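Asks: Next come the chains, spelled out residue by residue.
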Amino acid sequence: NAGVTQTPKFQVLKTGQSMTLQCAQDMNHEYMSWYRQDPGMGLRLIHYSVGAGITDQGEVPNGYNVSRSTTEDFPLRLLSAAPSQTSVYFCASSYNGVNYGYTFGSGTRLTVV
Amino acid sequence: KNQVEQSPQSLIILEGKNCTLQCNYTVSPFSNLRWYKQDTGRGPVSLTIMTFSENTKSNGRYTATLDADTKQSSLHITASQLSDSASYICVVRYGGSQGNLIFGKGTKLSVKP
Numbered sequence: 071n072a073g074v075t076q077t078p079k080f081q082v083l084k085t086g087q088s089m090t091l092q093c094a095q096d097m098n099h100e101y102m103s104w105y106r107q108d109p110g111m112g113l114r115l116i117h118y119s120v121g122a123g124i125t126d127q128g129e130v131p132n133g134y135n136v137s138r139s140t141t142e143d144f145p146l147r148l149l150s151a152a153p154s155q156t157s158v159y160f161c162a163s164s165y166n167g168v169n170y171g172y173t174f175g176s177g178t179r180l181t182v183v
Numbered sequence: 009k010n011q012v013e014q015s016p017q018s019l020i021i022l023e024g025k026n027c028t029l030q031c032n033y034t035v036s037p038f039s040n041l042r043w044y045k046q047d048t049g050r051g052p053v054s055l056t057i058m059t060f061s062e063n064t065k066s067n068g069r070y071t072a073t074l075d076a077d078t079k080q081s082s083l084h085i086t087a088s089q090l091s092d093s094a095s096y097i098c099v100v101r102y103g104g105s106q107g108n109l110i111f112g113k114g115t116k117l118s119v120k121p
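Going line by line, the protein sequences match chains A and B.
So the number in the numbering used here is just where the residue sits in the first sequence, counting from 1, plus 70.
So the number in the numbering used here is just where the residue sits in the second sequence, counting from 1, plus 8.
Note that these hints are calculated values from the structure, not bench results.
Here the structure is a predicted model, which means the values were calculated and not measured.
Be aware that one or more of the hints could be misleading.
Dumping the calculated SDA-like pairs for lysine to any residue here, alpha-carbon to alpha-carbon at most 25 Å [to be verified]:
1. B:113 <-> A:86
2. B:113 <-> A:141
3. A:79 <-> B:79
4. A:79 <-> B:120
5. A:79 <-> A:134
6. B:9 <-> A:131
7. B:79 <-> A:132
8. B:9 <-> A:179
9. B:9 <-> A:108
10. B:120 <-> A:84
11. B:113 <-> A:121
Kindly generate the complete structure, drawing on both the sequences and the hints.
Replies: Shown next, in the form of structure tokens:
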């Protein structure tokens, strides 16, 4: 099993550009989520989904959109990149997000210049 | 405010020694507490999950404890190895089915030969 696959691993964007961070899991997990990790801070939740067709906002959703058309995929869209969005982004999935562990992807390191 | 505080911020130990990492939380309502290991440049990997009624849980050389009364947890690493060098993150899940995770900032452990 591949687990949680994130692409790309590295990306440099110019301010104002848009892009999509891809996340796919092959464990048939219902729960998927996106986090950002910044130096000196704990991971912060951007958006999450409890199943196909259902998404909700986390702690820091501004500037990001998500959709969940299939159980497997949960892409994160940056609409108009800003330097404040420079971060490492992690996608995670879980069987139900309540009492099961989360499986994290290996991350996407994004720099906005 | 829901918070997870970890100490120490960083720790250096010699290979073969034991160490204990601390986690204090003020999260309500409490659902469960997790410890994750994050190698540099990788996503977090789950070590343990403990619910309110569990005091101790082990995963190989890692033993986590939970005192729900004092809202404290610890992660004890026995006979440390060079591969234990990583950040260890305490995570508390709050709420019911729509609850989410609060991440600590982590303890950076360095194991020296």
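Asks: Evaluate each hint against the coordinates.
Replies: Going through the hints against the structure:
A C-alpha spacing of about 30 Å is found between residue 113 (chain B) and residue 86 (chain A), which places the hinted pair above 25 Å, so the restraint is violated. Proximity of residue 113 (chain B) to residue 141 (chain A) is assessed by CA-CA distance (about 30 Å); at most 25 Å being required, the pair is judged violated. Between residue 79 (chain A) and residue 79 (chain B), the direct Cα distance comes to roughly 37 Å. Violation of the 25 Å bound is thereby established for this hinted pair. Under the criterion of a C-alpha separation no larger than 25 Å, the hint pairing residue 79 (chain A) with residue 120 (chain B) is inconsistent with the structure, at around 29 Å.
Between residue 79 (chain A) and residue 134 (chain A) the alpha-carbon distance is near 18 Å, which keeps this suggested pair within the 25 Å criterion. A distance of roughly 19 Å separates the Cα atoms of residue 9 (chain B) and residue 131 (chain A); the hinted pair therefore holds under the 25 Å criterion. Proximity of residue 79 (chain B) to residue 132 (chain A) is assessed by CA-CA distance (about 32 Å); at most 25 Å being required, the pair is judged violated. Between the alpha carbons of residue 9 (chain B) and residue 179 (chain A) the distance comes to roughly 29 Å, so the proposed pair goes past 25 Å and is violated.
Using a Cα cut-off of 25 Å, the hinted pair residue 9 (chain B) and residue 108 (chain A) holds, with the two alpha carbons roughly 20 Å apart. At roughly 40 Å between alpha-carbon atoms, residue 120 (chain B) and residue 84 (chain A) are farther apart than 25 Å, so this suggested pair is violated. With a CA separation close to 29 Å, the supplied pair residue 113 (chain B) and residue 121 (chain A) exceeds the 25 Å bound.
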